[in-house]
Amino acid sequence: MRLMKTPPPDLPETNDPWTLLDVPRGASSDEIRRAYLRRIKVYKPDLHPTAFRRLREAYDALYVDDRPPPAAFSGWGDEEVVLPVDSVEDGWGHTSTDPKAERSPKTAPRVRDEDEVATLVAELRAALVADDRDRAVDILLRPQTAVLANDRRVADLVARVACAVVLSQPDRFEELMSAFHDILLDRALEHRQGVLSHMRGAASQWAAWQRATEGNEVLSRFVELWGVLDDAELVHLGHEVAAVAHADPEAFLATLDRVARDAPAMLELYAHAASEWADRFGVPSRTDDDGARDAMLDSLEGLVQRNPALSREQLRRNLAALSVAAFVVWLGTSHPILWGTTAMAATTLLYTLTSNPTRKIYRQAIRPAVAAWLWQGHGLDALAAGLRPRLAAIGGSRRWMQPDDVDGYADMLAEDTALSAFAATARLDRRRD
Amino acid sequence: MPALVGIDLGTTYSLVATIVDGRPTVLPNVLGRSQTPSAVSIADDGSILVGEAALARALTHPDRTFRNFKRDMGTDRLFRYRNRQFRAEELSALVLGQLRRDAEAALGTVVAEAVVTVPAYFGELQRRATRDACEIAGLAVERLINEPTAAALSYGLQNLEREMKVVVLDLGGGTFDVSVLEIIEGVIEIQSSAGDARLGGEDFVEQLAADIARRAKSEHGLDMLVDAATRASLLATCERVKRELSAADEVTFELPTGSGYRSAPPELTVVRADIDALWRPTLQRLHAPIRRALRDARLGPGDIDEVVLVGGATRMPIVRELAEQMFGRPPLTRVSADEAVAQGAAVQIALKSGDQSLGDLVATDVAPFSLGVSVVDTHGRRRIDDVFSPILERGTVLPASRVERFVTAADGQTNIRVQIYQGEHSLCRDNNKLGECELSGIPSAPAGEEAIDVRFTYDLNGILEVDMTIVSTRETKTLVVERSPGRMTEAEVERARVRLAALKFHPRDALPNTTALSRAESLFTELRGSDRERLGHAMRVFRLALEEQDPAAIEARRRELLLLIDRFRK
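Heads up: the protein sequence lines correspond to chains A and B, in order. Using our numbering, you'd call the opening residue of the first sequence number 1 and step up by one each time. Using our numbering, you'd call the opening residue of the second sequence number 1001 and step up by one each time.
With the rest of the complex left out, here is chain A:
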C-alpha cells in the first residue's frame, strides 16, 4: 500500500466565490487564476470531484479573461463573456451584484500576430483587385495562413476568395473547402446573405449560364463577383449592368429569358444579387406609389379586354383564320340573329388554330408593357397581386371572348422569373443619394 496524504479539510459551507477561492475581494484576474490553481492542487478533480466543481464554478464566476483577445481575433471583442450572468445567479442564489464587478482588471497588450494579419489581408486584397484568383487561393492555402484565419478580417477574405472560384474553378474551390470547411460553413450564411451556398447550388449551371449570356459579359461578371468585390466596385458594376439593360431592354430581357430556360438557378442567383444590390445601394422600389400602380393595372386590364385586337394581328398572319374572319363578317352583315353563335364558333376555331393564345398574348402585349413600367421603378409583386382580382372580375361575354384562362396572366406575371430578374435589373441604376 502506497502512502497517501491525509485528506484535505472540507471546503467552507458557503457559496461566496471569494471565500471559496480564498482571495480578497477586488483581486486581479491573475491573482484569482493563481488562487484557483493552488486550490485545485489540494482538491484534485480525480479525487475530489465535488469540491473541484465548486471551485471551478467559483472561478468561472470571478475570472474574466481580461487579456485582450489575441490579435488574430480582433473582430471577436463583442462576445467577451466567460459565463452568462443568469448562470452566475443560479450558482450563487439570486445575488443582485455580479461578483465579477468586484475584480480589478489587469491588462497586458499582445500584438504579436497583428502584423501578420495586416500583411496577409493586404496581400489577399491585392490579388483580388488584380483578379488573380489562383494567387489568392495559393496565399490562403499556405500553412501559416491557416491559423490566422480565425481573425474575422481574414475569414471574410476566405469567403470572398471562395466566391471568386466557386463557379468557374470548382477544383480550387474544393481545395479551399478542405482547408477551411469550418469557416466557409460558418460564413456561408453570413457573407452577403448566404451568397456562397447559393452559388454552390447553382455552380452546375455555370456553363449553361455562360452560353446564355454570351455577348453580355458585364452581366456574367456581376454574378461572379457579387460575393467578391468591395462595395465601391460593386456599385460601379451594378451601374454597368443597368446601362446595358437600359440601352436595349428587349435584348436584355431576351437574354434573361434564355437564362430562365437553360440555367434557372443562376437566374435566381442573379436576381438575388441584384435585389441585394438595390437594397444596399439603391432607392427602395416604388411599390407604394398607388396612383402609378392603379394606372398600370387599368392599362393591363384594358389590354386584356381589348385582346381581340391582338387576335386580329394574328389573323393577318394566318390565312385560315383570315378566311374564318371573312366568313364571320359576312354572316354578321346578312344574318344578324346568327351573329352571336357564329362568332362563338369562329373564335373557338381561331384559338384552336393559334396554339396557346394566353401565352402569346402575355408575351406580345402584357409582358412588354409591364417591362417598360418596371423600368420606371416599380415592383412586380404588387402588380401581380393587384391584377389577379381585377381579371377575375371580368365577366359575361367579355370573359367569354377571352382565351381560356384570364386569371392566368397574374400567375404568369408572378412566376415570370426572367421578368422579375429584369425588375431587379431596373433597380440597379438608381443610386441612393
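Hints are supplied without guarantee of correctness; some may be wrong.
[Said to hold, decoys possible] A few chain B residues that don't get close to chain A, going by computed Cβ distances all over 10 Å:
(1) S1034
(2) D1211
(3) G1221
(4) Q1284
(5) I1290
(6) R1292
(7) D1360
(8) T1364
(9) D1385
(10) I1470
(11) S1522
(12) P1551
[Claimed, not checked] Derived DEER-like restraints, expressed as beta-carbon distance ranges:
(13) B:L1031 - A:E13: 38 to 46 Å
(14) A:E217 - B:A1451: 55 to 63 Å
(15) A:D290 - B:V1407: 40 to 48 Å
(16) A:R38 - B:L1332: 24 to 32 Å
(17) A:T119 - B:I1463: 46 to 54 Å
Derived from the structure by calculation, the hints contain no laboratory data. These numbers come from a predicted model, not from an experiment. No residue lacks a Cβ here, since even glycine has one placed at the ideal position from N, Cα and C.
Let chain A serve as the given structure and place chain B on it in line with the hints.
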C-alpha cells in the same frame, strides 16, 4: 494485487503501459516490442492471430486479415471471412485481450482494469463502443481519456516547472487530434481540443497507392488494383515508400507484381516534391481542427510557446514543415512520438490512485463536445422545430454542472419531453441523440409562462446526469445517461464476450515462431531469383525444426530466418 494498465488502442498500432518505479513505462509484447499492430488474422487452422503475425498476413491473406477497424467503432459494419463475422468492437477486443496477456506476462500479475485512450473527437457512440470492446475483452474501464490529453500528460509531466502554452498535434494512423494546454503553477490545464476522426497516416498511404497504381497502368500497363492481394502488397509497398520519403528526396522501388510475374518487375521512381503536391489537399485538412482548437482557447499562433508532435504520421517531413510554418517555430521532437499517448494513459492511473511518486501533478480536461437539448424556436410567426440548445458547451472544464431555463411552447402544455443531444450542429437531427425523458405535471398556463430548469452534470467518466425541475412546483426528475444507447446492448456485449472467449487463440508461446514465418511468407512473395530461393530454404529448415520440437534448434533457426528477413528488407 491486480494491476492497472494504460492502453493506447490505436488505428494501426496499440500499446500498453503502466507506472514502474514512479515512471510511466511501456510494456513489451511477446516479441519484445512496444508496439503491437492493431491487426487480426484468421490462421489456416482457424485460430486467431493478433499483432505482428496478423499484420504480415495482410499481404499473403488479405481476405482473412482485418486492419483499421478502429475507424468503424460504433458502426454496424461487419468484417467477414467465410462463415465468420466480427464487429469492430470485437476485433478491438481481440487486440485488447492480446495486450492484456502481454501486460500480465510482463508484470507477473493479473490485469483486470485499464485506462484506455480515445481520440478527443470520438463521439459518445464511439466511446461507448470502446467501452464495449474492453468489456468483451474482460477489462474493466477505469477511465477513457482523450489521446491528446494523454500525450499532453506525458509531455507536461517532464516540463512542470516552466509556465507555458503548448499545442499538441497527434496524427496517428487513422485519426488526427489537436489539444491546446497551459502548464501553470504545476497544473496541466487542457484548454481545448478538436480533431478529425477520419484523417491519418493511412490516408496519405492510400493516396500514394492510388497515384502509383495510375502510373503503373499508364507507364507499364500493369493493373495494381486487380485483386485484393495485389492491392494489399501495393499498400505495403507504399507504406514503405512513405517512410523512406521521410529521409530521402527520391525513392526508387520495384512494383509489387506478385509471385506470378516472370521477368524482373518494373521500377518506379517517386520524387518527394511531386508526392508532397499530391498530399497537399489531405494535409490541408489538418488546418481546420488546429484553427478551431486555437479559437476555442482564445489564443493566436503567436501565443504558443511550444508545439509538440505525437503519432507516427508526424514523422512525415511535410507534417513537420506544416507545423513549423503554422506556428513559426520548429516543433518539439524530443517526445517519443509513438509512446507518448500510452505513457500518458499510465500517468492517468497514477493520478487516479493518488500516487505520490508523481508529486503534486494536477490535470484538468475539457468536454470535447457540446451537450444540450432539443427546443422549439420562434421567428415571428414561424416555428422552427428541432433546434439544438447547448447547455454544457464544449470546452467546459470537467467535472461540471450547468443549468438553463426553458419555457413551455404551447398554451396549456402540461408535459415536456426533454431530448438530450451531443454535437455542434444547430439542428438536433444532425447531432447524436443520447436519451430522452418525459416531465409531466406542469400546471396548465399560457405558452411561455411555465418554466423548467434543466441541469446537466457531466463527470470525468463521461456520465451525464440530467435534472429537470418545474420552477413553479419545484418538482424534480432525474435521468442518468450512463449507458447511452450504443449499437450493442448489454446482452449483446455479454454474448460477444462468451463467443470470443470460446475462439481458439493461437498459443501465445508460439507467436514468435508464427510471426517469423508470416513475415517470411510475406517477403517471399516479393523476392525473386536467388534471394527467393535462399529465403525459401531458410523457411523450410525452420519448419523442420518446428516439427521436431527441439527448442534450441527452433530458437537458432528462427534467429537465422529473422536475420535473413532483415537483410532483404534492408
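Checklist entry - Is it correct that the beta-carbon of Q1284 of chain B has no partner in chain A closer than or equal to 10 Å? => result violated (4 Å)
Next on the checklist: Just to be sure I understand the hint, the distance between the Cβ atoms of L1031 of chain B and E13 of chain A should be within 38 to 46 Å; is that true here?
Outcome noted: For E13 of chain A against L1031 of chain B, whose Cβ atoms are near 58 Å apart, the range 38 to 46 Å is violated.
Next on the checklist: So S1522 of chain B supposedly isn't at the interface. Is its beta-carbon more than 10 Å from every beta-carbon in chain A?
Outcome noted: holds (35 Å)
Checklist entry - Does the claim that D1385 of chain B lies outside the interface with chain A hold up, using a Cβ gap greater than 10 Å? => result Holds: least Cβ distance 19 Å, greater than 10 Å.
Item to check | Assertion that D1360 of chain B lies farther than 10 Å from chain A (Cβ) | outcome: violated (5 Å)
Item to check | Minimum Cβ-Cβ distance from T1364 of chain B to chain A exceeds 10 Å | outcome: violated (6 Å)
Next on the checklist: If I claimed the Cβ atoms of E217 of chain A and A1451 of chain B lie 55 to 63 Å apart, would that claim hold in this structure?
Outcome noted: Roughly 59 Å apart at Cβ, these two residues keep to the hinted range, so it holds.
Checklist entry - Far enough from chain A: is every CB of that chain over 10 Å from the CB of D1211 of chain B? => result Nearest chain A Cβ is 17 Å from D1211 of chain B, so the label holds.
Checklist entry - Would the least Cβ to Cβ distance between I1470 of chain B and chain A come out above 10 Å? => result holds (16 Å)
Item to check | Beyond 10 Å from every chain A Cβ - status for R1292 of chain B | outcome: Not fine: 6 Å to the nearest Cβ puts R1292 of chain B too close to chain A.
Checklist entry - Are all beta-carbon distances from P1551 of chain B to chain A longer than 10 Å? => result holds (40 Å)
Checklist entry - Falls inside 24 to 32 Å, the C-beta gap from R38 of chain A to L1332 of chain B? => result With Cβ atoms ~28 Å apart, the hint holds.
When held up to the earlier numbered hints, the structure conflicts with 4, 5, 6, 7, 8 and 13 and fits the remainder.
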